[in-house]
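Please model the complete structure; the sequences and the hints are all you need to start from.
Here the protein sequences come in this chain order: A and B.
Residues in the first sequence are numbered from 1 upward in steps of one, following this note's numbering.
Residues in the second sequence are numbered from 122 upward in steps of one, following this note's numbering.
It cannot be assumed that every hint is accurate.
[As the list claims (entries may be wrong)] Only pairs whose alpha carbons sit at most 27 Å apart, straight line, appear in this in silico BS3-like list of lysine-lysine:
no.	chain 1	residue 1	chain 2	residue 2
1	B	Lys123	B	Lys239
2	B	Lys458	A	Lys40
3	A	Lys97	A	Lys113
4	B	Lys137	A	Lys113
Bear in mind the hints are in silico, worked out from the structure with no lab data behind them.
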Amino acid sequence: MIKFTETHEWITVANDVGTVGITDHAQRELGDIVYVELPKIGKSVKKGEEAVVLESTKAAADVYAPVEGTIFEVNEQLTTAPDLINRSSESTGWLFKLKIANPKDLDGLLDQKEYHQMTHE
Amino acid sequence: MKRTPLYDIHRHLGAKIVDFAGWEMPLQYQGILQEHQVVRTAAGLFDVSHMGRIAIEGEEAGAYVNYLSTQEVESKLPGSVTYTVWCNEKGHAIDDLLVYKVSETSYFVVANASNREKDLAHVRAHAGGRAVKITPVYEHEGILALQGPDSTRILKTLFPEIETLQPMHLLKATFQQTPLLIARTGYTGEVGFELFVDQSQLVSLWKALMAVGGLHPVGLGARDTLRLEMGYALYGHELSETIYPIESVASWTVKLNHDFIGRSAIEQVAHPRHQYGVILREPGIARQGCEVYVGDKVCGVVTSGTFSPTLRQAIAIVFVEQKLKPHDMVAIQIRDKRVQAEVVKLPFIQRKEKEG
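Spelled out as structure tokens, the structure:
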């Protein structure tokens, strides 16, 4: 299952584990990503809380946790290759994995069709 | 919002358009990193028509432009270009500009987009009874910048006379029976040219240049990373109406041996601050406004910061109260982290073409 937020994150869910990244639309809007500030492993985040900072050649952008949970893995590759997000934001350019605290958080998120509609209005 | 005659071309090329001082301008086409690299290794074409020429002509033009400028410009040879700062009576910078001396009685300046109306008012306000004619040429003109090591090869196919044009000089040429001005100037550190042409010819000049081959459109995003690698000031960052030019990276333009607006105020500055280039030695990107620490004490701010595509490192210009020297360390507060940065000599990278 994949869900989207209105702030352009995606989350895929398997059991109680979520993998989070930013959408292709978002990476195109941000431009070249040159630095990623990843969260510490073990950090608990609330739904909508700032989890990652992306620095493009122009500006910094926050990435928010789509659901509440505890971060247990980050994409270490981004430390040396932040451009992975530009090349593959919805696959190998994922940002972090978290253990989902409350699966009900997912209900309020957008599905693929709704997100597509939102970004193509 | 204002648009240049090239707006439709920018859109057609897939540019991301942003608001820049009230203008809808291309931030980038393919991407800032790629466009930056193109200018460092080949050639890029910029639409900088949001900037503007103001002509100052007449018997007293030289003396007057000299009085407006921190630089000594009147004694320069006709055909030369000089980088300068203009100040208000408090000695604060109202803009940084290039002064073009066409002849002993004909000068023009190129003002920043955000300042051109202010500069025009300034020129008119201080003219007094001087025999000068002041014309905002920008109202019917556009400007292209062709920058990069291949720019001479490309430009000389249309204008063979530019091959011998020296850095910081200009010449008159014609394009499709229309006069234009070509200056060997720029804001990138590379060999490059700026072309001033009537608005009616701007689109066809752009197309003619692109048709030569080997030239790529470059947006204002890369223009900023290119100038920052060279340590050039950007108005609103390193210079502003709260900064004395002697405190800035453009301090070398201030020649106190001639009279200019703001000189007496500048001479009385007791404790000038200082601007230095720094390279971040820990991960992060510093941005304008980040606090700068020496030891545990806040001693200034970042005026500009970015990721240097050439060095593949984060660079910044810091504006601090005390003197620093190369290899000194400062710390920059980036969100909740304090990141170590090392003072380096400007420019951050060595290039052939020099400003000023």
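Verification of the hints:
no. : hint                   : verdict
1   : Lys123/B with Lys239/B : holds, 17 Å
2   : Lys458/B with Lys40/A  : holds, 13 Å
3   : Lys97/A with Lys113/A  : holds, 24 Å
4   : Lys137/B with Lys113/A : holds, 25 Å
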